[in-house]
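*Asks:* Protein sequences, first through last, are from chains A and B. Mapping of the first sequence onto our numbering: residues 45 to 357, in sequence order. Mapping of the second sequence onto our numbering: residues 67 to 422, in sequence order.
Heads up, a few of these hints could be off.
[Said to hold, decoys possible] Stretch by stretch, here's where chain A covers chain B in the computed footprint (C-beta under 8 angstroms, at least three residues):
no., region
1, 93-105
2, 129-143
3, 210-223
4, 276-285
It is worth saying that the hints were derived from the structure and are not from the lab. Beta carbons: idealized from backbone N, C-alpha and C, even for Gly.
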Amino acid sequence: MEIIDILLTANFWAAALRIATPLIFGVLGALICERAGVLNLGIEGIFTAGAMAGWMAVWLGAGLWGGVLVAALAGGFFGLIHAILTVPLGLSQHVSGIGVTLLATSLSYFTYRTALPDVTSPPRIIPFQPLDIPILSDLPFIGPALFSQTALTMLALVMVFVTGWVLYRTPLGLAIRAVGDNPSAVEAQGLSVYALRIGAVVAGSALMAVGGAFLTMSAFDAFFFGMINGRGWVCIALTVFASWRPGKALLGALLFGAFDAFQVRLQTEVGAFLPSQVFLMMPYLLSIAALIIVARKADYPKALLVPWFKGQR
Amino acid sequence: MIRFEPRTNPSAFLVYGVPVMAAAFAIILAAIPLSLAGAPILPAYGLMISGAFGSLFSISEMLTRATPLILTGLAAAIAFRAKLWNIGAEGQLYMGAMAAVAVGSGVIDAPSYIMIPVIMLAGAAAGAMMLIGPIIMKTRLGVDEVVTTLLLNFIVLLFVQMMLEGALKDPMSMGWPQSEPIIDSAILPPLLERMRVHLGLIIALISAFALAIFVKRTVWGFEIRAVGENAAAAKFSGISVTKTMVLVAMLSGGLAGLAGVSEVAGTRGYLATDLSPGYGYAGIVVAMLARLSPIGVIISALFVASVFVGADSMSRAIGVSNYLADLIVAMSLLCVLIGGFLTRFKIHFGRQKSAG
């Protein structure tokens with residue numbers, strides 16, 4: 045009975061959407077890269093870079109939206125490194141991605157430590173505040189659950205529609221999807237495979253970084269070492285679960301957020317009987333479970349991981 | 067117009083020189099963050115070199131750091147050879163350490179020549195066990211092992227935390243989550259008096275040479291190389307790809323588990339959740355710098371270890387963040403990747419002459 049009660053509160057769904065927000069950005073970013081044929085394992089580091097750069101920009105006085113822009117630029121920069129290594133040079137997407145994660149993470153930590161050499165408690169910024177939209181925010185249930193989130197959560201929801209529209213309703217989207225399935229056919233159309241793939245990876249990485257920035261500029265108000273804590277890898281798993289579709293990405297991230305919000309509440313109910321670590325493992329176990337569920341029918345973009353060189357047939 | 071033309075036979079200079087140049091280039095690139103941090107560049111490099119090589123003590127510290135890196139480097143090298151992307155060495159290391167603590171902290175006692183092999187076997191088995199799940203999911207369901215092994219790192223670390231607050235907790239630790247100490251007969255003894263470098267280094271070196279011989283001289287080693295180069299062709303010639311993958315996974319997980327045994331029974335003496343500052347991930351860099359050669363892993367582990375020890379000491383002296391070490395290591399991975407491209411392809415500038 046209590047479990048049903050939890051699921052019926054607006055508070056619960058507000059928390060689920062809050063937890064889902066960085067994942068929505070992350071999965072959208074990852075699916076744009078993968079739709080173009082490039083696996084981006086730099087995501088974990090790009091999240092870190094976005095979280096650090098966005099927060100740092102606000103802390104230095106750039107304003108909240110200035111911070112979001114800086115985060116996106118930082119993400120695009122690391123995406124560009126990954127894109128150059130994997131697209132025109134055709135190097136291992138696995139190794140390059142891990143390399144970008146290591147680079148972005150260590151550069152973020154180094155920059156933070158250098159700017160703030162001896163702080164004991166992390167300095168705080170004034171983060172994005174919950175919206176107060178006339179009428180909508182006062183609606184019962186969906187008012188607090190949906191319309192009292194911060195602007196970045198709204199941006200994540202808007203990006204779901206934008207990404208879906210671009211991928212399925214524009215010539216650019218058609219070209220991006222085609223370049224991940226059959227790059228030679230795209231070249232035969234007179235389009236540049238390199239430009240499409242590099243552009244997709246840079247744009248996807250910028251989105252991932254905004255997801256990271258949500259953590260330091262909306263969910264919390266400070267940057268902590270190790271705060272990304274595997275969220276990037278979770279997004280890679282959720283991308284497969286979402287069959288590379290923006291709508292399903294939203295659904296997957298929401299399910300994940302709901303499950304995570306639920307386990308936190310369950311922990312307070314039955315926490316005395318089980319070690320807290322069992323609950324903390326849940327998100328990772330759930331991600332693996334999601335991969336297993338869709339394993340048989342996962343329809344990977346056909347040219348994912350396959351390098352393509354100009355002039356190749 | 068830039069064209070890439072594959073090289074059929076890269077010269078020895080390119081094969082061995084490129085990783086060295088990549089590492090050197092990463093060190094040079096570090097001047098940028100150093101100068102942005104306001105540090106005097108040349109003295110900082112000087113401090114790094116003397117921090118890693120300046121005295122017998124610092125060399126011993128460097129070798130102590132290199133020990134787990136050789137083992138995790140070998141773990142990545144053998145897996146990547148077969149294109150099995152095991153990124154879970156960090157978790158496998160912790161499982162190995164936990165198994166070593168479980169059998170080596172007083173449950174059984176015997177002379178060292180029995181206890182040390184026992185904890186090594188336990189640790190290697192525990193590390194290898196961590197790959198059973200991912201390998202089944204990969205071969206049966208086609209689930210990418212990169213994501214599963216990565217996620218398992220986080221699960222294992224939480225599991226270790228749980229055990230350190232529960233079954234493995236040291237009642238004498240005054241509330242700190244750490245395990246009971248490894249008993250004296252299971253400790254890997256130091257190689258030099260009053261120095262930290264320990265028997266683990268010898269174990270790591272033997273593992274590297276044994277793996278080199280295994281890969282070069284045995285049928286299994288040949289099958290591993292064949293699967294890595296072209297899985298379809300290997301399958302066609304009658305090699306069981308699944309069996310080879312399982313073999314590689316067991317070797318890779320076992321070696322990472324051994325790194326955990328070496329750290330817990332050689333360097334630390336007990337298990338805590340800060341046992342490894344990312345040796346599992348650094349092992350990937352070590353393996354790539356070594357171009358996946360087991361003997362090369364020894365050399366690149368020494369390089370990565372001296373970067374870490376040197377940067378630590380420089381950091382203490384002039385107050386530049388020691389994340390500089392992680393930065394150099396990450397940059398050397400990307401540099402060696404690009405370098406590997408230059409060994410495989412010739413670059414031509416200008417127009418293509420003949421139609422091709």
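*Asks:* Please go over all the hints and tell whether each is borne out by the structure.
*Replies:* Against the structure, the hints:
1. 93-105: holds (count 3)
2. 129-143: Result for this restraint: violated, n = 0.
3. 210-223: With 10 residues close enough to chain A, the hint holds.
4. 276-285: violated (count 0)
Of the hints listed earlier, those the structure fails to meet are numbers 2, 4, in rising order.
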